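Given chain A, put chain B in place with the hints provided.
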Amino acid sequence: MQDFVDGRLAGDDTEQVSAHLEQCGACRENYQDILGVIELLQQRRVPPASPGFTTAVLERAIDAAQPPRGRRMPYMAGGIAASFIAAFVLLSMMTNPAHPTAQVVLIGNQVQTIKVAIESAHPVDSIRMTIDVSDNLEISGYQDQKVISWNTRLEKGTNIIALPVSAIARGDGEINARVGLNDREKVFKIKTRYRPLEKVRRDIRLLAWAGSGPERRDTL
Amino acid sequence: MSILNLFKGKAKPADRFERLLRPHIDTLYRFAFRLGNSREDAEELVQHFLTRIFEKLDQLEAIEKPAPWLCRGLYNLYVDGYRRSAREITLFNQDEFDDETAVQEETPFRQASNAESLNRIDTALQQLNQDQREVVLLHDAEGYTLEELSEILQVPLGTLKSRLYRARTELKKLLVMEPFSEPRRVTGIKR
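Top to bottom, those sequences are chains A and B.
First residue of the first sequence? That's 11 in this note's numbering, and the numbers climb one at a time after it.
First residue of the second sequence? That's 250 in this note's numbering, and the numbers climb one at a time after it.
Hints are computed from structural coordinates only; laboratory data are not their basis.
Being a predicted model, the structure only gives us computed values, none of them experimental.
A portion of the hints provided could be inaccurate.
What the hints assert, rightly or not - Here are the in silico distance ranges between beta carbons for each label pair:
| # | chain 1 | residue 1 | chain 2 | residue 2 | range |
| --- | --- | --- | --- | --- | --- |
| 1 | B | Gln-308 | A | Val-157 | 40 to 50 Å |
| 2 | A | Lys-156 | B | Leu-306 | 36 to 46 Å |
| 3 | A | Ser-28 | B | Ile-312 | 39 to 49 Å |
| 4 | B | Val-404 | A | Thr-24 | 19 to 29 Å |
| 5 | B | Asp-307 | A | Glu-195 | 45 to 55 Å |
| 6 | B | Gln-375 | A | Ala-74 | 29 to 39 Å |
| 7 | B | Arg-268 | A | Asn-119 | 22 to 32 Å |
Stated by the list, open to error - Stretches of chain B that chain A covers, calculated by requiring three or more beta carbons in the stretch to come under 8 Å of a beta carbon on chain A:
| # | region |
| --- | --- |
| 8 | 290-301 |
| 9 | 311-325 |
| 10 | 367-379 |
| 11 | 399-408 |
| 12 | 411-419 |
All C-beta atoms, glycine included, are put in the ideal place defined by N, C-alpha and C.
Okay, chain B solo, but in the shape it has when bound:
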């Protein structure tokens, strides 16, 4: 037994938990945000998830790459919670605020991009079904591969691929249908 293992055996569960989880909190928060589009909801979901998995510390320590396992657990909790509390009003869903009240919350990420285009794609994203929205955001915005998402979401690769492609096609259609002048309708599409 190495010295490291000796120390590992003596470490308190709280310390082991913190050491193991701390590097993954940001990943979990980002993943959660992509699911619900609300900082408050994302933080609450991560909190709820961490509280539940503390008792699975031993199991977690045995996993070589915990990130997919953690994201899968978080996603399962989200799906479970979403189905049970679909009636919840999300206070910080930015779409529900008028521009004046939303400015403060949105400033950090909106300043860096074209607010008009983002508003438009937000509106378009709301037209997608939940499955399509999740995969297109996690793949195209967050950078997960389809293989990673297949493992995390427990959905066959082919199904995910189909959802992703349909989501993009639908988004493209929705954005092109916007009643704005042609050159301004979507920033970033080169014509």
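Only chain A is shown next, with the shape it has when bound in the complex:
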């Protein structure tokens, strides 16, 4: 039957199955049910990727493959490294009594994925995870929501939340990741610092210019 549904039968076999379906109500119902399942699956569409995804994903892959630039652009190298390292925030749920805080640099209005790693000493079946962001930040895909919340669980060890965030206005910002268990709540704070894209570019130009002087050539 399934071969018939997929059009994988030879001509004679197809005709035989077709003829059988006309006579057999049970097989006809089975056939229609399978078609119905396929129809439902086809309605389950893929949402479009983020705007500019194709260009951005290629640029990042190409950038990542470039050889290290050494002293020519120390700020850029440092800035990128800082944003990636700071963006991966390892937080211990059990050992830090106060609100653990980390800092992330957001460049322009680019979407950056901030990974929050929550270390749990034990598996926890049901927690309430809440993310809230300050007014100048935006969670990609949730443009009109400053707070999102859902139920999930924690496994023993490291549990990672990937949070795509961008700055929509200048200034410092804050992201709070709240893990709620019964009446208890643990808050992880991530401070964000805004750095305009044009300023990053200007710094790179200045450093490239400074690096082309005689002093640099002497050191090579």
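Below, chain B without anything else, positioned relative to chain A:
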């Protein structure tokens, strides 16, 4: 040597990479989405994959039809990552959100279809094992043939066929077992 080849020899690797990969990004994204059902995860997987294959540019240029090779590589990376990071919480797994918070993310594709039925099939899909879910989504929803999937997933055709048929049968069973009134239980099944 043709003029084209002369130019090809001089092109920068970054330009060659972009020219070669750009037409396949959407395919890779869609493929990745079908594996994880999350835009965020799909974009991250594609990014991770592209970063890794840049150094294989020469090998990639020698392949006549790169799409299956790319999908296979993406799938291998997914399987590897899935096994290593099975504990990850997927933030944008829509099933984990209540309706109020999920509306914005789901609107673009949910408006076009029956949300209730899609919710039901999503629930049913979660009951399948990973292998069955992948093949039924890639074949029935995304339109890959079994032969293409056999090449991409590196699984014998017979095994894939069996997985697909079991997945459909299981889905049918799960949907029919739903405790809703008969005419409404599955949109699209004609009775």
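Checked hints:
no.	hint	in the structure
1	Gln-308/B - Val-157/A: 40 to 50 Å	holds, 47 Å
2	Lys-156/A - Leu-306/B: 36 to 46 Å	holds, 43 Å
3	Ser-28/A - Ile-312/B: 39 to 49 Å	holds, 41 Å
4	Val-404/B - Thr-24/A: 19 to 29 Å	holds, 26 Å
5	Asp-307/B - Glu-195/A: 45 to 55 Å	holds, 54 Å
6	Gln-375/B - Ala-74/A: 29 to 39 Å	holds, 34 Å
7	Arg-268/B - Asn-119/A: 22 to 32 Å	holds, 28 Å
8	290-301	holds (count 8)
9	311-325	violated (count 0)
10	367-379	holds (count 3)
11	399-408	violated (count 0)
12	411-419	holds (count 3)
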